[in-house]
Amino acid sequence: MSQVERQQWDVVVVGAGGAGLRAAIEAREQGARTAVICKSLFGKAHTVMAEGGIAASMGNVNSGDNWQVHFRDTLRGGKFLNQWRMAELHAREAPDRVWELETWGALFDRTKDGRISQRNFGGHEYPRLAHVGDRTGLELIRTLQQKIVALQQEDKREFGNYEARLKVFQECTVTRVLKDESASGDGRVTGAFCYERESGRFFVIEAPSVVLATGGIGKSFKVTSNSWEYTGDGHALALLAGAPLLNMEFVQFHPTGMVWPPSVKGILVTESVRGDGGVLRNSEGKRFMFDYIPDVFKEKYAESEAEGDRWYEDPDHNRRPPELLPRDEVARAINAEVKAGRGSPHGGVFLDVSTRMPAEVIRRRLPSMYHQFKELADVDITAEAMEVGPTCHYVMGGIAVESDTAAARGVPGLFAAGEVAGGMHGSNRLGGNSLSDLLVFGRRAGLYAARHAAAPDAARSVDEAQVDTAAAEALRPFSAEGPRDGTVPENPYTLHQELQQTMNDLVGIIRREGEMAEALERLADLRQRARRAGVEGHRQFNPGWHLALDLRNMLLVSECVARAALERTESRGGHTREDHPGMNRDWRRVNLLCRLAEPADDSPTAGRPDVRAEPAAGSAAPVGGLAAAEPARGRIALTRVTTDPIRPDLLALFDKEELVKYLAEEELFE
Amino acid sequence: MATGTEPHLKKGSAPGGVRHGTRAAIAAAHLRTDRWWLQPAATAAGLFAFVVYSTWRAFANADYYEAPYVSPFYSPCIAENCEPMKNGPNWEIFGSWWGLSPALLILIFPLGFRLTCYYYRKAYYRGFWASPPACAVAEPHAKYTGETRFPLILQNIHRYFFYAAVPVAGILTYDTVLAFRNEHYEWGHAGLGTLVFLVNITLIWAYTLSCHSCRHIVGGKLKHFSIHPVRYRMWRWVGWLNGRHMLLAWASLISVALADFYVYLIASGAFDDPTLF
Amino acid sequence: MSTRTPSETASDQGPAERPDAAGEGSEANGSAYDARFRVWRGDVDGGDLRDFTVRVNDGEVVLDIIHRLQATQAPDLAVRWNCKAGKCGSCSAEINGRPRLMCMTRMSVFGRDDVITVTPLRAFPVVRDLVTDVGFNYEKAREVPSFVPPEDLGPGEYRMMQEDVDRSQEFRKCIECFLCQDTCHVVRDHEENKTAFAGPRFLMRVAELDMHPLDAAAASGLDRKSTAQEEHGLGYCNITKCCSEVCPEGIHITDNALIPLKERAVDRKYDPLVWLGNKIRRRPT
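Chains V, F and L supply the protein sequences, listed in that same order. Residues in the first sequence are numbered from -3 upward in steps of one, following the numbering used here. Residues in the second sequence are numbered from -15 upward in steps of one, following the numbering used here. Residues in the third sequence are numbered from 658 upward in steps of one, following the numbering used here.
Rather than coming from a laboratory, the hints here were simulated on the basis of the structure. Just to be clear, a hint being listed does not mean it is correct.
25 Å max Cα-Cα, derived BS3-like pairs, lysine-lysine [unchecked claim]: (1) Lys282(V) / Lys296(V); (2) Lys830(L) / Lys205(F); (3) Lys282(V) / Lys335(V); (4) Lys652(V) / Lys296(V); (5) Lys108(V) / Lys830(L); (6) Lys936(L) / Lys127(F); (7) Lys205(F) / Lys127(F); (8) Lys106(F) / Lys936(L); (9) Lys108(V) / Lys207(F); (10) Lys127(F) / Lys106(F); (11) Lys370(V) / Lys926(L); (12) Lys70(F) / Lys936(L); (13) Lys218(V) / Lys370(V); (14) Lys830(L) / Lys127(F); (15) Lys370(V) / Lys108(V); (16) Lys205(F) / Lys108(V); (17) Lys218(V) / Lys296(V); (18) Lys926(L) / Lys70(F); (19) Lys152(V) / Lys657(V); (20) Lys830(L) / Lys70(F); (21) Lys294(V) / Lys657(V); (22) Lys294(V) / Lys282(V); (23) Lys926(L) / Lys936(L).
Model, not experiment: these values are computed from the prediction.
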């Protein structure tokens, strides 16, 4: 195994979406030699799917906007569970990150006076989303991609080599973050173990800093807007490296995904459809959202259709229509309508713009939605309503990070930014806040990763034994374990589908204790079977093999979601418990951390009921009870930690009456 | 690796097309199952028909004038051997030494305009040169340099032909005005020929103004439309026409041939121009 | 046509057939049918078109069928894809000889008795099955000088009018599926032109930057108009418009990018008045 190629870089960025590319740009501009590793081709990252825009309080359309208002909206959207310092940094820095994109060549839609136009979006008090039609994510990715090329052109001029200081390893996957595990070491990061998807060749990148920017976990669910890449790689890599995941129970179901035809079920219908005037109706033709405005939002939303309709023209004197409630509320409402038998023919509800705007306006404002429905569903959205339903879209939970530095807790040299990092969005993310999150924390992760790598004691060499272990792990699907009862090896595609079905049915948008317990049992069974997942063919561009490797990550992450969801006995944001329907103020301060309950190597005893987990490391006591119940006890241990109190000047941005709804008694008196 | 980190160009620099050694080993030059040959064949047939007709008419040097109509092929008529046309577009710029058909002197300009036109280039590159015959259908040439060298680099002079085409269209407009006379040169009359001329000149102008060079000159060359609102509006207007350039190219080609043929019919006495008023 | 090897027949009915595959179909069982596919399998050392018979359900696209092949008959069939909604430009292939996105090609456009042929892009080196090495495009991307920010404007001070950004915005809709690069006969049929010719996508990038209202390349001494011809091979383009025909985003590559760029090059190189003016004013040409 010693022939595995090694390369030395200062910073490795895993993932080439918005956060990864922004991190790489920053690290390179700080002087660090930076490698980017991504599973797809450069520029194909899932960020391109973001449609609505980038939330930043530039105040170009409504000058009343500022970072404090943005912060307030973000905390309200996240039901006060946000890591408040992250939300503050995000709101403060987002405008600079957007303006910076213009200096790299981005072309946003303009206002009449030539500034960046901003649009309304769910949960944002003012028009705040910088956008380019409904393809903002594409613009973001392309701009960052072209900035990377610009930096490479600089290096070409200076060193004669485009890749002297910044290189993108396309179509490569990282299967392990490597650490200094010697007795004298402090467990710091030493590099990453990777394989080329195209050739199947292994290689190791030795680097003192690793930035995880791998995005989300949606591919563990059946109905999802996410692409195949979203297998929770970064979450799993962090777990396996010993870093904790935070609040994994919070999974956002976007209210409007396509529901038909089956092959595109889950694909997103942008929120701008509603922001620009689209309305939701049930099979009876009723705008049902007026019945679903929760108490905490009663004062902020219109009570009648007339008032809601006036808001589009005159937002200062009218309240917004409830179609623009935060995503979790809308998703639950749609779910409830469908359950009550008032759904559309294919099990969704109707989203209608055709009766609200002239056809030509629709085609101009929502061009890619128009095409998406025309070409994928043969539906002309200027003439008829769309059918939509909730789809798994985003995970608010993620790697627990330090707010300012994006450093993963407990593993020196490991950083995380973007969807893979937790905390920023609390229990529910507002639309538009993801792209700004990518930019703000991508930059911070790159900055601090570069600084970490520049420290004189930065780790530089990778232990041979770890490389061999990682290589053996990656090759195992080719020699799947002989099954004891003589059956054939498991098909990874079948396992994946069963996993998706399990998560969708049992840990989906509405959750119940019994179902989640059952999910944990099924996950334990899948984990056993995944060990027998075998693949045909050879290592060169073999999707079956790639999936078999990704299954490890999806199973780990799914267990985190199920376990944390079982633990949190309240409903909040992206976590809805049928058996605990209310939001509980006492839970506000509680964060759930998932850690690996066993040594990081994937030993054959994993998941076996006779192996007891070590108590998880960390300041707080491990949670016993359900999480440890047999036989579902798997590889994840949960701990509860109490969050820091919100800084008083930030709390002062809210009315007392509003805080009472969210904060526990003792917090209010502090 | 697909990153472009290794220099692929060296390894793949051997000449070749879809059967090049590095490409997927597929013997067929193309796998299209639709009637891809129909369009280039129809284009070639249409252009060929026009070439045959216009060559005959251009060299005929006869039957091109019957008051008040002059064939667009012979307008303006600038040699001494032209048939006299009262108030018509004949100016004896070329002296008596010119013995060939006067059409040849003037047809150079519309011919050059159409020959270098971005649409006709597409049409004959595909239809006559098979370069390519149709999209994703391998072309039969071993070498290709496009418009990088002589003579095809001369396609870049298209805009000068556009400049020349504007006065030619102006003269044809004048001819159309003259067509509001009767055969005794009295004003205020019109025949079926006048209608034919009207349709033709409209299409000629639409085709001329929809030209890509025109679109560039009126506004396309600008970096900032916002400080040139009038040119911006003109650019949008020409852009609208430009979107129909192919249609206009064919329509005006047919209409000019028909206008000429109509003059031929009445000049040769095969047909009497019906008077409208 | 549909002579299948014994092993394929076996795996067709083998245990790999997922319960879910039927489940998906049950939503639209009335119209499900078996389609005949010919898919190119192989690598740089050779390969051939293989026949498959595979289930098709109502509303599916070609990529769904390729995935079903993967899950049931050919688990190691290599294919690139990501978003499945025509937004990322990964699943480019040639379907019945025409460059298309597999995710945007609905099965309903074919007859039920048609044999549907799927091959990798034929302008680029093949890697495996439907996957090609598109590195050519990334090399060309690097050869186009990037946006040059104006020196006198800081972040947040950019003012651009919508009508001035419209043109470049159209080009920035590009999802880089590289179908235009694949179909362009300049490189598709002439490998040797790859060094000199950037291809429609990257000539369009030059046009995008030249039309960017605040690009300061000219002030920095870079003339995009003449380099388009001198360095990026604009002259190779004979405007036969295949790039515009295949573009899944409907970008008018030829009419709005390539021809305007040619006209701009003419301004610089073939227009005596402009040439004279530049000589007199000593502007860099």
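Quick rundown of the hints versus the structure:
Between Lys282(V) and Lys296(V) the CA atoms are separated by roughly 21 Å; this keeps the pair inside 25 Å, and the hint holds. The straight-line distance between the Cα atoms of Lys830(L) and Lys205(F) is roughly 22 Å, inside the 25 Å bound, and the hint therefore holds. At roughly 16 Å between alpha-carbon atoms, Lys282(V) and Lys335(V) fall within 25 Å of each other, so this suggested pair holds. Of the pairs offered as hints, the one joining Lys652(V) and Lys296(V) holds, with about 16 Å between alpha carbons and a cut-off of 25 Å not exceeded.
Of the supplied pair hints, the one linking Lys108(V) and Lys830(L) holds, its CA atoms being roughly 22 Å apart against a limit of 25 Å. At roughly 37 Å between alpha-carbon atoms, Lys936(L) and Lys127(F) are farther apart than 25 Å, so this suggested pair is violated. Taking the CA atoms of Lys205(F) and Lys127(F), the gap is about 33 Å. The hint is violated against a cut of 25 Å. Our distance criterion of 25 Å between C-alpha atoms is broken by Lys106(F) and Lys936(L), whose separation comes to about 34 Å.
For the given pair, Lys108(V) sits about 18 Å from Lys207(F) by alpha-carbon distance, which is consistent with the 25 Å threshold. Restraint check: the Cα-Cα separation between Lys127(F) and Lys106(F) comes to about 18 Å, which is no more than 25 Å; the hinted pair holds. Proximity of Lys370(V) to Lys926(L) is assessed by CA-CA distance (about 44 Å); at most 25 Å being required, the pair is judged violated. Taking the CA atoms of Lys70(F) and Lys936(L), the gap is near 48 Å; set against the 25 Å cutoff, the hint is violated.
Restraint check: the Cα-Cα separation between Lys218(V) and Lys370(V) comes to about 24 Å, which is no more than 25 Å; the hinted pair holds. At roughly 33 Å between alpha-carbon atoms, Lys830(L) and Lys127(F) are farther apart than 25 Å, so this suggested pair is violated. Taking the CA atoms of Lys370(V) and Lys108(V), the gap is about 31 Å. The hint is violated against a cut of 25 Å. Note on Lys205(F) and Lys108(V): the hinted pairing holds, with a Cα-Cα distance of about 23 Å set against a maximum of 25 Å.
Proximity of Lys218(V) to Lys296(V) is assessed by CA-CA distance (about 34 Å); at most 25 Å being required, the pair is judged violated. For a cut-off of 25 Å, the pair hint linking Lys926(L) to Lys70(F) is broken: about 44 Å separates their Cα positions. Between the alpha carbons of Lys152(V) and Lys657(V) the distance comes to roughly 57 Å, so the proposed pair goes past 25 Å and is violated. Taking the CA atoms of Lys830(L) and Lys70(F), the gap is near 58 Å; set against the 25 Å cutoff, the hint is violated.
About 12 Å separates the Cα atoms of Lys294(V) and Lys657(V), which keeps this hinted pair within 25 Å; it holds. Using a Cα cut-off of 25 Å, the hinted pair Lys294(V) and Lys282(V) holds, with the two alpha carbons roughly 20 Å apart. For a cut-off of 25 Å, the pair hint linking Lys926(L) to Lys936(L) stands: about 12 Å separates their Cα positions.
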